[in-house]
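Peer 1: Hints in hand, dock the two standalone chains.
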Amino acid sequence: MENPTRLTKNKWLFRGNSELKVEPETTIRGALTLLMSNLNVSDDRPVIPMSVSEPSAFPCFGTAQVAADAIAEAVRSTEFNGYPPTEGILPARRAVAEYLSEYLPYKLSPDDVFMTLGCHQAAQTILHVLGGSKSNILIPRPCFPYVDVFAQKANLEVRFFNLLPEKNWEVDLDSVIAVADENTVAMFIINPGNPCGNVFTYNHLKKVAETARKLGILVISDEVYGHIVFGENPFVPMGVFASITPIVTLGSISKRWMVPGWRIGWLVAHDPDGILKEHGIITSIKQYFNLSSYPPAFIQGALPHILAETKDDFFSKTLDIIKESAISCYEGIQDVPGLSCPTRPQGSMCVMVELDISVFEDIKDDLDFCLKLAKEESVIILPGVSVGLRNWLRVTFAIDPSHLQDGIKRLKSFCERHSKIA
Amino acid sequence: MGKQEWGFEENHEVHAAAAFSIRNILESIMGNIDEKRSGKPMIHLGHGDPSVYPCFRTHISVEDALVESVRSANFNCYPAGVGIDPARSAIAEHLSKDLPYKIETDDVFLTAGGNHAIEILLTVLARPDANILFPRPNYPVYEARARFSPLEVRHFDLLPENGVKTLADRKTVAIVVINPRNPCGNVYTFDHLKKIAETARELGILVISDEVYAHQVFGDKPFIPMGVFGDIAPVLTLGSLSKRWIVPGWRFGWIAITDPTSILQETGVAGSLKSCLTISADPATVIQGAIPSVIKNTPKSFFLNINKLLKEVADLFFEKIKEVPLVTCPHKSEGSMFSMVMLNIPAFKDIADDTDFCMKLAKEECMILFPGSAVGLKNWVRVSFATEPKVLEEAIERMKTFCLKHAKY
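Sequence order for the protein chains is A and B. Going letter by letter, the first sequence gives residues 0 to 421 in numbering that gives the first Met the number 0. Going letter by letter, the second sequence gives residues 0 to 408 in numbering that gives the first Met the number 0.
Heads up, a few of these hints could be off.
Stated by the list, open to error - In silico EDC-like links for lysine to aspartate or glutamate, alpha-carbon gap of 16 Å or less:
#, chain 1, residue 1, chain 2, residue 2
1, A, Lys276, B, Glu8
2, B, Lys307, B, Asp219
3, A, Lys285, B, Asp219
4, A, Lys10, B, Asp168
5, A, Lys10, B, Glu12
6, A, Lys374, A, Asp361
7, B, Lys273, A, Glu169
8, A, Lys206, A, Glu169
9, A, Lys213, B, Glu4
10, A, Lys206, A, Asp173
11, A, Lys133, B, Asp168
12, B, Lys273, A, Glu18
Unchecked claim - Label-pair restraints from in silico Cβ distances:
#, chain 1, residue 1, chain 2, residue 2, range
13, A, Glu156, B, His11, 13 to 21 Å
14, A, Arg75, B, Glu26, 26 to 34 Å
15, B, Asn304, A, Asn39, 26 to 34 Å
Calculated from the structure, these hints are not laboratory results. Beta carbons: idealized from backbone N, C-alpha and C, even for Gly.
In isolation and in its complexed conformation, chain B is listed as follows (with noise of 0.2 Å):
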């Protein structure tokens, strides 16, 4: 018999998509990963998720909502696609406190999460040659995903900002700015995000507001919510538990609308939000019947806490890092859960670039670092410090190991 002819075949435009994504990414380190090899457990400060540390776990109101949600029944059914109204009228109140007006409840569509929430933005947004405008450096998703959609990106440097101006042209449809930004740990400044805002005003385009580290600012600057701009520049504002609550794996998001004179409605653009969330996946109803009461019930003195603990930690990296020879941190992080750390490449004797380095110290050290060529800034590294202290201390005395061990001279 002949060999038999199958009519199906890989797609290669998920695979150039993926190679984007920091899953992808963080796979091929972990694959250097072997803790019986290198006598040591591995330490993962390769991606914001702190819940594995016991400081770090998510306040028990938050698990007793949940329980709660299972145990009545209540929510074994099918949500509507765009979420329950009670999960959305929690998060449209919650979101409308640091507004300077009112969000209602059909403004919030829930997501499987704040990734999810991308896909659909992007999904929404994508059009035969539209561009859109990210910050350099990004979070990965956002390239990958506008990779699938297709999405033509251009990248723009937040200062100066006449540089987004020149970039962007007739085609443009959005800039995405991260606030507190992933990956660098800067929070920005009131007269900053209105800047944006008119600047997008200008040129006619919507922001959307990624703000999945709201509230988590631990320096001098306050978080402001893009939001309180949204009369001068119709605003997307993205959002989840996942980063606020220490709960990642609970895959829970929301995209709010915040416009109060109504352009995203105008526009189609509300409505094809919510076309798109009909056909899409669907965060656990289970969960969305715990949100109310997740709303309600975290104490203030939880989140407290927990910027309290990221200072300790982003303080102590800062210092630390110091002392690592070949390697910079230049600015002390005052939000989110990241830093950048320059690497001197030429310094070192046998250290190609990021990825190599990242590669080699987790063959080494069993150490994960995200490379910095994979959120757009090639030769720096993107450390997560959200970690306990104690660990952040042996993290730091692996890269210096690592460090002396390449150095040239």
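The following block holds chain A by itself, in its conformation from the complex (with noise of 0.2 Å):
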């Protein structure tokens, strides 16, 4: 074949997006990647990530065997090789519905529910059919950060609101209302949640609704966490109060069942009274199901049993580890020069710590910490930076017991040899 003279790239006229371009330490995975190639490749000891919500790689953490039973089923019956519908299988749609209304005060329908590609599909598209000219919506600080990008790309404007750490990290409604307008849509919470680790209570949730409601706006409950808590606070779903104000949650078997793999989860609209119908969101999210991707048939044929079958020990096993390793790590943490943390965790697999850079001789934020405790010690903390609080720390703790305990060691070593001679 011919070889045509290479043409420069000035004649080609197709270039990269600038828009997807996203600094790397704003995004979760951005920042490991940073923070994975810094790490001492001659240092043999095993690397402790307490960076990332990702229980799975750890034996001590397996799913339970009916899952993947239940999958292997689906799979060799034949059945889910063909497309589904595009918002969920209706055995699927119905399990979910079935699943969530047992802790709720009124009973969900399969319409209400979709099913999705992870809560990670079910956030932006939910955002996707919010978004639009001049329409905003509230997010926390802190918050786990897909939610500020899966917006801005959506083309809604981002304003922040403030979760206070002296107060559990309560959301400060008093910053909801200051910054909330006339083309604010929805604000969005997370709950257990992620990156602080507190539960919300009954009243504080009660109190949320009512101000969404004054206001005029919808309240978008991220719940991928929900029901591992494992402190005072009981879990409290946000549909509960969907009578004050109209709700969607996000969900998804992936954090409770340890399998993010999977990748299937759910976008529930809570919606008694109506409202989200009668101005046409029901249907833009089910017009936004025809032009995206979905979960993959086999793994919604075999969500029901899933959810049905999946006994209470397996869960309670689960939880009791990742209840030790968060008390483990709030303890351990105490012990360390230049850290603190306000909250003990209560839910979720992970816990804000704060940074005292003053303590320390060589380091200048927190992002400088985490590099350097990669380089050091091999351990991988994510720099409070990528979830909107400079100069903390989001650790996550769900992680083997042992290697917690490591990662603590390193952690507290770290912390000594670079702290300032008093």
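Peer 2: Structure follows, in structure tokens:
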């Protein structure tokens, strides 16, 4: 074949999309890549990942056998190789409706449930549906970073409200009211909290709903860590307050069943008064699914069995390990110079830890701390800048308990080594 | 208490784009189906999904690979945005077999199906004022996603070639080629594909080659991947498991950079693909984990058998459709799962157009065809012949009944 002369770049009319570029430390994946590339390859010790809520990598956090069996059976049935309906197959939607209704004062209909590729796509969907010219959305600070990124991609202006560390990371409702205006469409919360590890009380969630109603906005509640609670506060689904203001909840089996790689979640509309329906939001959600991808049919096919047949002892066994790790992490950090944890973690798989930079000789900020920690101790912790709070750290404790202990030891050694001599 | 004012409302942009989507169109036709009332089982020839028919069942090794992946518990974790390396490598090797150069692991990006790959590509290429060249007729998902991107869409008819050059301008970024072709069922020759590459080069644009039906050819022409001409103009190749392995429900596909002179790297397109995938939805890791085994262990005999079946039904359809009055199928399909059929609308007494034809056919004969206006050819219909021969024969009978009933004379 002839080999034509190579044209220079300038002759080609297409380019990459510069809007897609995000600063690496502002996404979890980006920050992780930065930190992992700083690891010292000649350090023989195992890398301790206290950076992502990914316990499935550890044998002690395996998924329930019944779940794996259900998937295998769905595959072998050959009933799920074809295109599913874009909003999800009815048995899956019904199963999720039943699963969630157990904790609500009303029954959800399968029509209120949409199956998604993980909680991730559920968030993308609702944000895209709400996006449009001039609209803005209220997001907590700190927050799991994907919300900010997705909102911007969905053409939504992002405005932040505060969470109060001194009050168990509750929403600063005054700051919500201060940033809202007539173009605000929704406020976003994560409960149990990521990155803070807090669990909102019934009364507080009720106040959040009432504030949203006053502002005429809906509440989007990311409940991917639903039921992963081990402190004083029980898990209260936001849908409980749907008669105060319309609620959309996002959830998945990723965390509770330790299977984020199965990529299955849901977007649920809690709309007993039909407000979301009346305003065309439900139709827009349905239409959006006609434009985008959806979870594999066989995983949807397995879901009814997974939700109905997983026994409580699987959940309590996993929760016990997470609780033990949470306590171990919190208590271990009390002894580490330069770090302080304002609130004991109560749920989810991570906790925010404050950095006192003045304690350290040669650490300029949280990103610097994390980069050096990776290099010197092969411990990966996420810098707070990734979740919107500079000079804090997000520490994930849902790892194998012995790895966690090792990680805390190395963290302590690092901090002692870098402390200014008193 | 006064009426509560709410700050949110429906999204018109989403609605406008979704109107083009296959699912939307099929849903409105399906709304007319009533098996009880018509007394017949539904025949769905509206989409390329023969997985319901036992003769089209995927190979046991494919199911085995997936079950093994689930049971290993090694793939329960989050995947990297671009996909896990073993799956990417397997696809890279698989595609390289048909190319005069090797593509690397890093040239392969995994997506949640072919449709998701389209979403990613159009997001990456969209720029203010940019336009993209689509074939007419086209696969509707391109139209839907382009309107959501937004990219200006310009349509070309594949012959004559000069038509493409007059459509393009300095804001054109790419041309889309679907080979084997959905919806027409044709397969492009080596020379034709080469001309397209040369035209793209002259215009300074890249080629998006949608090869979801790769190797599903059963006529005279062999399947030639567009990547063969990657050194003439850069090519982004789309593929998926859905059609060749008959598992559209798995939602697994890929975008491969078939660009031996690395133009896509230099112009930032490769980097943007990576960025876009970092924040976009992922195909399930358990499926990715099964890919090396799927690629390695699916026997050639399975693919040969599927193509044999497709040829049988394609030929059967082409012969049998001649018996149906008021419709013509001018070309026998030589690839993909589709054939286009022209409707002689003026000869019907009460059928307004192709959409009306499909809606009434669904209502009266419990049968689904896809209206041609949704692919850009008004008063044609797209038929998926990928079904059992018996079902196809029954479908033809129902079409005959319907056309006779609605004929003017």
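Peer 1: Can you confirm whether the C-alpha distance between B/Lys307 and B/Asp219 stays at or below 16 Å?
Peer 2: Distance of about 13 Å is within 16 Å: holds.
Peer 1: A/Lys206 and A/Asp173 were given as a pair; does the straight-line alpha-carbon distance stay at or below 16 Å?
Peer 2: Judged against 16 Å, a Cα distance of about 11 Å means the pair holds.
Peer 1: Given the hinted pair B/Lys273 and A/Glu18, is their alpha-carbon gap at most 16 Å?
Peer 2: holds, 13 Å
Peer 1: Under the criterion that the straight-line Cα-Cα distance not exceed 16 Å, is the pair A/Lys285, B/Asp219 satisfied?
Peer 2: With a Cα-Cα distance of about 42 Å, the restraint between A/Lys285 and B/Asp219 is violated, given a limit of 16 Å.
Peer 1: Given the hinted pair B/Lys273 and A/Glu169, is their alpha-carbon gap at most 16 Å?
Peer 2: At roughly 36 Å apart (the allowed maximum being 16 Å), A/Glu169 and B/Lys273 break the hint.
Peer 1: Is it true that the CA of A/Lys10 sits at most 16 Å from the CA of B/Asp168?
Peer 2: Status holds; Cα separation ~13 Å.
Peer 1: Verify the CB-CB distance for A/Arg75 and B/Glu26 against the hinted window 26 to 34 Å.
Peer 2: Holds, since A/Arg75 and B/Glu26 (Cβ atoms, about 30 Å apart) stay within the stated range.
Peer 1: Does the beta carbon distance between B/Asn304 and A/Asn39 stay inside 26 to 34 Å, or does it fall outside?
Peer 2: violated, 54 Å
Peer 1: Hint says 13 to 21 Å; check whether the CB-CB distance for A/Glu156 and B/His11 agrees.
Peer 2: holds, 19 Å
Peer 1: Would you check the hint for A/Lys213 and B/Glu4, treating anything up to 16 Å between C-alpha atoms as holding?
Peer 2: With Cα atoms ~9 Å apart, A/Lys213 and B/Glu4 stay inside 16 Å; holds.
Peer 1: Does the alpha-carbon distance linking A/Lys276 and B/Glu8 stay inside the 16 Å limit?
Peer 2: Holds. A/Lys276 to B/Glu8 sits at ~10 Å (cutoff 16 Å).
Peer 1: Could you grab the alpha-carbon distance between A/Lys133 and B/Asp168 and see if it respects the 16 Å cut-off?
Peer 2: Measuring from Cα to Cα gives roughly 32 Å; hence the hint is violated.
Hint compliance for this structure: hints 3, 5, 7, 11, 15 are not met, and every other hint is.
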